[in-house]
Amino acid sequence: MYNQTEILKDTSELGTEGELVINMGPQHPATHGVLHLVVTLNGETIKKIEPHLGYIHRSIEKMCESLTYRQFIYVTSRMDYLSSHINNLGCALLIEKGIQIEVPDRAKVIRVILSELTRIASHELWLGAMAMDLGAFTPFFYAFREREMITEIMEDTCGARLTMNYIVPGGLMYDLHPDFQKKVKAFVKQFKAKVTEYEDLVTNNIIFQSRTKGVGILSAEDAISFGCTGPVARASGVSCDIRKIYPYEVYDKVSFNEILDTAGDSFARYMVRVKEMNESIHIIEQLIDNIPDGDFVGKTKNVLKLPKGEFYTRVETARGEFGVFIVSEGGTTPHRIKFRSPGFSNLSALNHMAVGSKIGDLMATMGTLDLVIPDIDR
Amino acid sequence: MMTQDEIKEYIFSIAPTVSFDETGEWLNIIVDATQLKLLMTALRTGKMQMDYLFCLTCVDVKTHLTMVYHLSATTHRQSMVIKANVSREQHSIETLCDIWRTADFLEREVFEMFGVTFLNHPDLRRLILEDDFKGFPLLKDFEDPINMIKL
Chain A
1 MYNQTEILKD TSELGTEGEL VINMGPQHPA THGVLHLVVT LNGETIKKIE PHLGYIHRSI
61 EKMCESLTYR QFIYVTSRMD YLSSHINNLG CALLIEKGIQ IEVPDRAKVI RVILSELTRI
121 ASHELWLGAM AMDLGAFTPF FYAFREREMI TEIMEDTCGA RLTMNYIVPG GLMYDLHPDF
181 QKKVKAFVKQ FKAKVTEYED LVTNNIIFQS RTKGVGILSA EDAISFGCTG PVARASGVSC
241 DIRKIYPYEV YDKVSFNEIL DTAGDSFARY MVRVKEMNES IHIIEQLIDN IPDGDFVGKT
301 KNVLKLPKGE FYTRVETARG EFGVFIVSEG GTTPHRIKFR SPGFSNLSAL NHMAVGSKIG
361 DLMATMGTLD LVIPDIDR
Chain B
1 MMTQDEIKEY IFSIAPTVSF DETGEWLNII VDATQLKLLM TALRTGKMQM DYLFCLTCVD
61 VKTHLTMVYH LSATTHRQSM VIKANVSREQ HSIETLCDIW RTADFLEREV FEMFGVTFLN
121 HPDLRRLILE DDFKGFPLLK DFEDPINMIK L
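Residue numbers (this note's numbering), protein chains in the order written: chain A, 1 to 378; chain B, 1 to 151.
Since the hints were derived computationally from the structure, they do not count as laboratory data. None of these values were measured; they are calculated from a predicted model. Some hints could be false.
[What the hints assert, rightly or not] Looking from chain B toward chain A, a few residues come up when the C-beta cut is under 7 Å (computed):
| no. | residue |
| --- | --- |
| 1 | CYS55 |
| 2 | VAL59 |
| 3 | ARG101 |
| 4 | LEU138 |
| 5 | LEU139 |
Built from N, CA and C at the ideal position, the CB exists for glycine as well.
Using the sequences and the hints, build the whole thing.
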């Protein structure tokens, strides 16, 4: 009798014979974008994963070298399109730091509320999409029910449902929509009532648990070495929340917890994100009734010029640490701009996490990395 | 936690030829490209324990290229910037892959965008650009008449 399980267990005598190379992507339903993975298999066991990037490389860093400091912010919405407000915030903070612009308190609070709404929307989309990758279709509709409310708030606020542009150096582009507070409160109420449904549908689902527990384990040491940040690193027990370590805007005045887990597997990454949504709701609740009156934008010159030197800021997006590094020659455009995108570093750990596991588990590992391809390719 | 002077003294003891620049937000250490590996190994394994390389990039300053490494530590959270100059003709520098694994992808990106060769890199291939792409797009003298990106 041909005993398949015996053959698959033995990985010590792997030669090139019997190897199978599978091209996963560039068009694959589970990559959610054009990511090309060349997966080398022995039977069902993964031997190597090689990511091939660049299918939507738009050369954003080069493009930004010819855009002014007011213009380049909007390009970053097209990188991590699910965290566009937070990307814009990172760039605006850098310019404010460089030119020393005073930002009104009203703008600071609104920026934090929008950042947290963006984070929830991003995690909601991830939740639905990841469950769908693992074969569960229903959570997608549940997650999008709540996400739709956020998208509507964003549409009222800045006119776009995706690739939102609202944050400018010095504050905000225009004042809030009159219904903003009412709609956010309605969303908070709805979210708190419905979040238990995710627990019932996904978290306590035995099939989901057995597909994610112990799959794609990343140790804390490796997470740091690979430069992983965000929920991926926090699920491995690495404390890396920029909002806690280097607080920006009003994050030092609100109370929230940094969610940490120690298991480092796919289920831990799932739990960290679900708990993070609750923390974001907690932050919004503290701020929504306390938006100060006053100006929504500080006084700035029409033409912004960064002084000669090097600047770096970092913010916590839904995926981890987003850094902006600008070398300025003193002109109106940056000399060199580098975006440290969280997805790029998280992806580099994929090979290490998936080698030795089965190809079916790759979906769980990759899904919980929460890759956004435009963010990786830039 | 070490003070700025203690850090400078410590780095002097490892690589005596370094120079410092304190005008920016963090301490900038300019090191000779030949001594980069020595300094980086000491920073990672020595008492500073700089275990987190959060940004690795290259800047074209027309006369030469500058490699910029942003380091931090997950224990004491002090950040510093290491810089090494690479000439436009020689353009090769030691890899840091064996110290921080994140350097693997980041160095491949710099390799294709700036043409810097990383010595002893295990897998130095193009990552983002297509295989037959000509030139190094992030260099300042790069011209592409077909896909115009300058305004």
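Cross-check of the supplied hints:
1. CYS55: holds (5 Å)
2. VAL59: holds (5 Å)
3. ARG101: holds (5 Å)
4. LEU138: With a minimum Cβ separation of about 6 Å from chain A (threshold 7 Å), the hint on LEU138 (chain B) holds.
5. LEU139: violated (10 Å)
The structure fails hint 5 only (numbered hints given earlier).
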